[in-house]
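Undergrad: Chains as they are written, first to last, in my numbering: chain Z, 2 to 366; chain C, 17 to 69.
No lab work stands behind these hints: they were computed from the structure. Positions of the beta carbon are idealized from the N, C-alpha and C atoms, including for glycine. Heads up, a few of these hints could be off.
A few chain C residues facing chain Z, derived, Cβ under 8 Å [what the hints assert, rightly or not]:
| id | residue |
| --- | --- |
| 1 | HIS21 |
| 2 | ARG22 |
| 3 | TRP29 |
| 4 | SER30 |
| 5 | LEU32 |
| 6 | ILE43 |
| 7 | SER46 |
Here are the computed lysine to aspartate or glutamate pairs in the DMTMM-like style, where the Cα-Cα straight-line distance is at most 25 Å [to be verified]:
| id | chain 1 | residue 1 | chain 2 | residue 2 |
| --- | --- | --- | --- | --- |
| 8 | C | LYS49 | Z | ASP193 |
| 9 | C | LYS49 | Z | GLU317 |
| 10 | Z | LYS169 | Z | ASP225 |
| 11 | Z | LYS169 | Z | ASP78 |
| 12 | Z | LYS289 | Z | ASP225 |
| 13 | Z | LYS15 | Z | ASP78 |
| 14 | Z | LYS343 | Z | GLU317 |
| 15 | Z | LYS15 | Z | ASP46 |
| 16 | C | LYS49 | Z | GLU138 |
Residues of chain Z clear of chain C, computed beta-carbon distances all greater than 10 Å [stated by the list, open to error]:
| id | residue |
| --- | --- |
| 17 | ILE30 |
| 18 | TYR176 |
| 19 | GLU352 |
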Amino acid sequence: MSVSYKPVIWNRTKMIYDGVLLAGIVIYILTFLKAGPLLSPALRDIDLPTQRMRAFGSLALLMLTIVLAIGPLARIDTRFIPLLYNRRHFGVMTAIVAATHAYYVLGWYFSYSPTPQLTALFTSNTSFTSIAGFPFELFGVFALVVLAVLAATSHDFWLSFLTPPLWKAIHMSVYFAYAAIILHVALGALLDRRDLALGLLLVGGLALLCTLHLIAGHRETAADATASAKAPEEPWIVVGDLSEIAEGRAIIGASPGGERIAVFRSKGSLSAVSNVCSHQNGPIGEGKVVAGFITCPWHGYQYRLEDGCSPPPFRERIRKYRVQLRGSSVLVDPEPVPLGTKLEPFPIPAELLAASASVSKQGGA
Amino acid sequence: MRRRHRRAHTVIWSGLAIALPLLLAIIFASAPKLPADAPAIRLDAKVTEGAQP
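Let's have the full structure, built from the sequences with the hints guiding it.
TA: Put into structure tokens, the structure is as follows:
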């Protein structure tokens, strides 16, 4: 977490994730170079440097499409959440693959230029008034710069230094990088040669990403619109029924302002916390209680039930809310207590505990 | 995610979903096309097997 700077805090899951990623990259490049000419007429009779250029360029587009699909997929179906765990390494690898593509392009097209390679890149095509002839290289340069900045600031040090809201806002520029890549590929490779596979990747990927992001966004907007009902006692809100909360899990309510609150049930008590993880704004309420700590489903950041603080030596904190029961209804005060305030979990009365246990058993049978 | 962040997501992707297909359509529609009476063998095309450049 955030105690000291380490380039990468490795664990087994990250190693497996990165191993699979690297293997995928190697397999794609080898397949493209070796089997590509056999499968596609577009790849026959072209020299190796051009093949390399196309291999890394198409891989960068494919990887960016996948990395941008992970977020909405995880919002739509929780089975995709494991892909989120090390998504930043996926993004960094994408930037490296895109940079390799740029390196081959510069080396092939501008090696013998009388001016420096970068000067030649920016001055070789100046058809700014033409649509089809527009210097598509500029879109690629813009996207590469954005990807490089995002890769350089992807470490938790920058997340902590810039604060999660600013970091998230900066990293949303990846969407504009994606738009630039779409234009780069369309104006460059697709206009130059009518490559069906690349066209499908571009148009299909764009359609897929727009659909996934808009579906996920629609669901979130609908959830925002349904704020939890107000309890008769102001300012409490009714988040749900005790029987809806499984042991070690949470139900999620929404305050009148729209911010979400997660109520966890653990060892016969209830604890209400903000649904927003202080690490990357992950949905804490979709996580579970592990070893007595609320654990975010995205990256495993942990918080104590009683005060919302991460266990020492870590320093992350999330807001806590007062919680109580009226009958079996779970009520939450939507005004959070100051950060770090200790608020003992609300004990569930014995009779409700027994009743909700039998309901859970019936539900689970 | 925070509410403001979620809204920004929705606005950006709604914009991209409209703008990018439109731009792609404009790009491909403006691609130069060969005239109907263009010669079969062209200097800017790849030389096919057996043909003389």
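Undergrad: Sort out which numbered hints this structure fails and list those numbers smallest first.
TA: 9, 15 and 18
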